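Please model the complete structure; the sequences and the hints are all you need to start from.
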Amino acid sequence: MPNPVIRWQIVSPEPNKASRFYEKLFAWKLSTANGLGYRELVNGTGRGVDGGVWPAPPDKPGLVQLVIEVEDVDETLLAAVKLGAQVIVPKSVLPDGDTMAVLLDPTGLSFILCQLRSRS
Amino acid sequence: MDLRQTLAAELARRRSRNRRYSLRALARDLDTDHASLSQFLRGRRHLSARKLQQLGRRLHLGAADIAEACEQHNADAIARLGRLKSFRPDSRWIATRTGLPLDLVNAALTRLLHQRRLAMPAADRWSFSSHA
Chain A
100 MPNPVIRWQI
110 VSPEPNKASR
120 FYEKLFAWKL
130 STANGLGYRE
140 LVNGTGRGVD
150 GGVWPAPPDK
160 PGLVQLVIEV
170 EDVDETLLAA
180 VKLGAQVIVP
190 KSVLPDGDTM
200 AVLLDPTGLS
210 FILCQLRSRS
Chain B
32 MDLRQTLAAE
42 LARRRSRNRR
52 YSLRALARDL
62 DTDHASLSQF
72 LRGRRHLSAR
82 KLQQLGRRLH
92 LGAADIAEAC
102 EQHNADAIAR
112 LGRLKSFRPD
122 SRWIATRTGL
132 PLDLVNAALT
142 RLLHQRRLAM
152 PAADRWSFSS
162 HA
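Residue numbers (the numbering used here), protein chains in the order written: chain A, 100 to 219; chain B, 32 to 163.
To be clear, the hints were calculated from the coordinates, so they are not data collected in a lab.
The structure displayed is predicted, hence computed values, not measured ones.
Check each hint, because a few of them may be wrong.
Stated by the list, open to error - Capping the alpha-carbon separation at 25 Å, the derived lysine-lysine pairs in PhoX-like fashion look like this:
# : chain 1 : residue 1 : chain 2 : residue 2
1 : B       : K116      : A       : K190
2 : A       : K116      : A       : K159
3 : A       : K159      : B       : K82
4 : A       : K181      : A       : K159
5 : A       : K116      : A       : K128
Unchecked claim - Ranges between beta-carbon positions, derived for each pair:
#  : chain 1 : residue 1 : chain 2 : residue 2 : range
6  : B       : W124      : A       : L162      : 21 to 29 Å
7  : B       : H145      : A       : D195      : 17 to 25 Å
8  : B       : S47       : A       : A132      : 18 to 26 Å
9  : A       : V163      : B       : S69       : 40 to 48 Å
10 : A       : D195      : B       : R111      : 21 to 29 Å
11 : A       : N115      : B       : R46       : 43 to 51 Å
12 : B       : S79       : A       : P205      : 37 to 45 Å
13 : B       : R48       : A       : P205      : 44 to 52 Å
C-beta atoms are modelled at their ideal positions from N, C-alpha and C, and glycine is treated no differently.
See below:
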C-alpha cells in the first residue's frame, strides 16, 4: 500500500505521565535517544505501528496525530492543499534527517507527512 | 497574549483615570522594580518566567493567558538564541543554554514553526525570522 501510516504521535499536556502510562500498560519500550528528546514508544514485536509522545503547548488539549510516509513531501503538500487541507507547519527537516510537514485535513484534524531520511 | 502590550494598556488605562499615575506607581502596585519594568516595556529587557507569572497574577490575568505569555516568552528567548553564530539546532543544547526544560523548548519550537518564525530547511540548519 502506498503512503503507509508509519507512526502515531500523542501530543500531551503531560508527556511524562502519558508516556509512562503506555510504557507500563503495554510494556512498550520508552526511549528519548533522538535529536529532539522525543519520547519514542516501541512495541518491540516488529508488528504494528510504533509512536511517541510530544509535549503540547501550555494549556492546550492533547490530541493524536497520524504520521504518514510519502515519497515527496512537496508533492503531497500540493495535492493535499488542492483537496482542501491547510498547512500549519511547512516542510521542515528534523535533526534526525526526516522531512515533515503538519497539515489540517478539511475536517480540521491534524496529521503529519513524513519523508524518511533515506528518501530525502 | 503579549504581556508587554497588556502592561502598556494597563498603564494607559490607569492614566486615563488619574493623569498623575506614573510608571513608577504601576511598578509599585505590581510589587516590582521600576527600572526593570521600564526596560521591559521598552523591549530592552527580558524577564524571567517566574517574574512573568508574578506580573500576570498581579494583573489578574487568567492561568491560560499567563501560560500563553510564558510560552511566547520562551519562544522569543529561543529565537534570540537562534541568531547567535554559536547556535546549535538541537533541543537539548537549547535547553541547556536557556535553562528551560526540554519539553518547554520543544513546545516553544512547535510554536515558532506554527508562527512561521522558524524554518528548518535542513537537519543542521534552522533559520529564525527577524521579527521576534
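Here is how each hint holds up against the structure:
For the hint pairing B:K116 with A:K190, the CA-to-CA distance comes to about 24 Å; that is within 25 Å, so the pair holds. Taken as a hint, the A:K116 and A:K159 pair is honoured in the structure, with Cα atoms around 16 Å apart against an allowance of 25 Å. As the CA atoms of A:K159 and B:K82 are separated by approximately 22 Å, the hinted pair is consistent with the 25 Å bound. A threshold of 25 Å between alpha carbons decides the hint, and for A:K181 with A:K159 the separation of about 29 Å lies outside it, so the pair is violated.
Only pairs whose Cα atoms come within 25 Å are accepted, and A:K116 paired with A:K128 is accepted, the gap being roughly 15 Å. A hinted range of 21 to 29 Å for the beta carbons of B:W124 and A:L162 is consistent with their spacing of about 28 Å. Roughly 21 Å separates the CB atoms of B:H145 and A:D195, a value that falls within the hinted 17 to 25 Å. Our hint of 18 to 26 Å for B:S47 and A:A132 is violated, since their Cβ atoms are close to 56 Å apart.
The supplied range of 40 to 48 Å is met by A:V163 and B:S69, whose beta-carbon atoms lie about 46 Å from each other. Distance hint for A:D195 and B:R111: a CB-CB separation of about 25 Å, consistent with the stated range 21 to 29 Å. For the hinted restraint 43 to 51 Å between A:N115 and B:R46, the CB-CB distance of approximately 45 Å keeps it satisfied. Checking the proposed 37 to 45 Å range against B:S79 and A:P205 shows it holds: the Cβ atoms sit about 42 Å from each other.
A C-beta distance of roughly 49 Å is found between B:R48 and A:P205, which places it inside the suggested range of 44 to 52 Å.
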